[in-house]
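*Asks:* Given chain H, work out where chain B should sit, using these hints.
Here the protein sequences come in this chain order: H and B. Residue numbering for the first sequence is 1 to 129, as defined by the working numbering. Residue numbering for the second sequence is 130 to 407, as defined by the working numbering.
It is worth saying that the hints were derived from the structure and are not from the lab. Heads up, some of the hints might be wrong.
[Said to hold, decoys possible] To be clear about the criterion: a stretch of chain H counts as covered by chain B if any three or more of its residues have a C-beta under 8 Å from a C-beta of chain B, and this derived list gives those stretches:
1. 23 to 31
2. 90 to 99
3. 102 to 115
Even glycine gets a Cβ: it sits at the ideal position worked out from N, Cα and C.
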Amino acid sequence: MDREKPALTDERMDQIISAILRVGVGLAALVIFVGGICYLTKHGGQFPQYHTFRGQPEQLRTLPGIVGFALSSHSRGIIETGLLLLIATPIARVVFSVAAFALQRDRTYVTITLIVLSVLLCNLVGGYR
Amino acid sequence: MPIWEFTLIIWLGSLFAGLLGSLTGLGGGVVIVPLLTLGFGVDIRYAIGASLISVIATSSGAAVAYVREGFSNIRVGMLLEIATTLGATGGALLAAHVAPQSIAIIFGLVLLASVYFSVKGPSQNGTNGPPDPLAQRLRLDSRYPARDGIREYHVRRVPLGFGLMGIAGLLSGLLGIGSGALKVLAMDQAMRLPFKVSTTTSNFMIGVTAAASAGIYLNRGYIDPGLCMPTMLGVLVGSLTGARLMARARTPVLRWVFGAVILALGVEMIFNALSGRI
Numbered sequence: 001m002d003r004e005k006p007a008l009t010d011e012r013m014d015q016i017i018s019a020i021l022r023v024g025v026g027l028a029a030l031v032i033f034v035g036g037i038c039y040l041t042k043h044g045g046q047f048p049q050y051h052t053f054r055g056q057p058e059q060l061r062t063l064p065g066i067v068g069f070a071l072s073s074h075s076r077g078i079i080e081t082g083l084l085l086l087i088a089t090p091i092a093r094v095v096f097s098v099a100a101f102a103l104q105r106d107r108t109y110v111t112i113t114l115i116v117l118s119v120l121l122c123n124l125v126g127g128y129r
Numbered sequence: 130m131p132i133w134e135f136t137l138i139i140w141l142g143s144l145f146a147g148l149l150g151s152l153t154g155l156g157g158g159v160v161i162v163p164l165l166t167l168g169f170g171v172d173i174r175y176a177i178g179a180s181l182i183s184v185i186a187t188s189s190g191a192a193v194a195y196v197r198e199g200f201s202n203i204r205v206g207m208l209l210e211i212a213t214t215l216g217a218t219g220g221a222l223l224a225a226h227v228a229p230q231s232i233a234i235i236f237g238l239v240l241l242a243s244v245y246f247s248v249k250g251p252s253q254n255g256t257n258g259p260p261d262p263l264a265q266r267l268r269l270d271s272r273y274p275a276r277d278g279i280r281e282y283h284v285r286r287v288p289l290g291f292g293l294m295g296i297a298g299l300l301s302g303l304l305g306i307g308s309g310a311l312k313v314l315a316m317d318q319a320m321r322l323p324f325k326v327s328t329t330t331s332n333f334m335i336g337v338t339a340a341a342s343a344g345i346y347l348n349r350g351y352i353d354p355g356l357c358m359p360t361m362l363g364v365l366v367g368s369l370t371g372a373r374l375m376a377r378a379r380t381p382v383l384r385w386v387f388g389a390v391i392l393a394l395g396v397e398m399i400f401n402a403l404s405g406r407i
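Only chain H is shown next, with the shape it has when bound in the complex (with noise of 0.2 Å):
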């Protein structure tokens, strides 16, 4: 047994992306609660229109628009922050993998886990329509 250099055994990894799962989930629902409390006092008056689709905005489908429109504190766009928190949080843990593996020098599993993340950043950028 190697004392001086641990290796990342299945186990840590197990751990540290329960924290990352954890910190991104608590991270993003709070930013969706604060979003939420500012949206219902801004527009809690106004009547939902859910029943016919007319989609979002082009501003809240990139994420430089989500940002910007968060930025300029509209409470929609902190919303959708939140959720994009939400979203990267699962990515998080693949890029997480990805460096776990590659420390275990296990090529087959950087590989497979570069192509899950290649999925997922294409999806998430590729301006799908």
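*Replies:* Quick look at chain B alone, frame taken from chain H:
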């Protein structure tokens, strides 16, 4: 109904869905879409977007507990995520070209199927089959803490499991659900993983699968902040509460009740779609 009242009711409904979903192990995601479309007349595309978001939240929230217990098999999960994410991409792309009525019918059928598998219950499969060369090459075999100590298991039929996972991903992307039941089926029945490992690994994979299609839904403008906010927060609180309660009691009665609810929702979903009300 003004927005604040709408938000509050959706939050409560989602909380209840998340609670029942985690108590029964059926997942809260399957009832969110029927709840929003049948209960509140929300367009099914908005409903699917909101459901997908809540699925990511519950899966990541529940995985926190599971991962620490050391049940899930991260290699199996990562390998099969190639299939689920590609399937989910296909499902999300397909969703734009399929009529909302057809999506509603497929949704209803999936609800009926999930009740069937839930009533059937987990299989008691022997996990001591001979090692499979492909699974060994991919280092999928692992062990898990059983009641009588650590037990080793061999993973079988990788290609079949991979194919089933592709279908699970497709349904997840098309309908905005976690497809947990089908994922468990693929691992437990096809790949012969121990049931406990199948359920936790499935939960672990659901978040990544849903994130794959959520990106596309976001770009399409299906993710509405005003609707996702109460849904996500409600389901999250509900499922975390459920996970905590579950440590104390297993409730077969609740499972039957929730199964009956899902059955009714499935029938209503199909009926409404056929009669042109969705």
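*Asks:* If a hint holds in the structure, say so; if it doesn't, say that too.
*Replies:* Comparing the hints with the structure gives:
| no. | hint | verdict |
| --- | --- | --- |
| 1 | 23 to 31 | holds (count 4) |
| 2 | 90 to 99 | holds (count 5) |
| 3 | 102 to 115 | holds (count 6) |
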